[in-house]
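Generate the whole structure from the sequences, applying the supplied hints.
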Amino acid sequence: ALARVANNIKGSLGEEFKRMLHDIQLGSSRKEAFRNLNSRTDVPELSSFIVAMTQAEVFGISISKVLKVQASEMRIRRRQLAEEAGIKAPVKLVFPLILCIFPSLMTVILGPAVIRVYSTIIEMLKP
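Here the sequence shown is numbered in the UniProt record's numbering, starting from 1 and rising by one per residue.
One should not assume that every hint holds.
[Said to hold, decoys possible] Now the in silico label distances, taken between C-beta atoms and shown as ranges: (1) G14 to K88: 27 to 33 Å; (2) K92 to R19: 36 to 42 Å; (3) K65 to S39: 23 to 29 Å; (4) K18 to Q80: 29 to 35 Å; (5) L110 to G14: 55 to 61 Å; (6) L105 to T41: 46 to 52 Å; (7) L13 to E83: 21 to 27 Å.
Rather than coming from a laboratory, the hints here were simulated on the basis of the structure. All C-beta atoms, glycine included, are put in the ideal place defined by N, C-alpha and C.
Rendered as structure tokens:
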């Protein structure tokens with residue numbers, strides 16, 4: 001199963017899984033290989049996964065149950081990150097709105113009044 005995961009995942013994560021699989025093939029225990037993988041990477045989600053897999057192996061818990069729980073937690077975390085980004089979006093839009101739209105809006109609103117005041121002043125200054 002680990003070989004299939006290592007071959008199906010592209011990028012640096014796939015390379016790390018291949019390295020872990022290579023360590024296991026060279027005689028390291030799974031626990032030690034997981035620990036080495038955890039020390040090489042600095043990804044909190046991967047660390048959580050590694051801890052869960054290590055505990056599943058130690059306590060004899062079904063890996064499928066662990067994977068279901070981990071997948072559920074990852075989905076919840078991804079949803080939370082999306083909600084945070086959605087909350088931050090209006091704050092990030094305030095300055096572009098002020099700098100781009102507000103001057104145009106003021107030109108449209110105040111433009112006719114400024115032209116009328118200007119023409120009135122010009123007429124008053126004529127002899």
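Range agreement (Cβ of K88 with Cβ of G14, hint 27 to 33 Å): This hint holds: roughly 31 Å between Cβ atoms.
Consistency of beta-carbon spacing, G14 to L110, with hint 55 to 61 Å: holds, 60 Å
With respect to the beta-carbon atoms only, verify the hint that L105 and T41 lie 46 to 52 Å apart. Holds, at about 50 Å.
State, for the Cβ atoms of L13 and E83, whether the hinted interval 21 to 27 Å holds or is violated. Holds - the Cβ-Cβ distance for L13 and E83, about 25 Å, lies within 21 to 27 Å.
Does 23 to 29 Å hold as the CB distance between K65 and S39, or does it fail? holds, 26 Å
Whether the CB-CB distance between K18 and Q80 falls inside 29 to 35 Å: holds, 31 Å
If I claimed the Cβ atoms of K92 and R19 lie 36 to 42 Å apart, would that claim hold in this structure? holds, 39 Å
The structure fails none of the hints (numbered hints given earlier).
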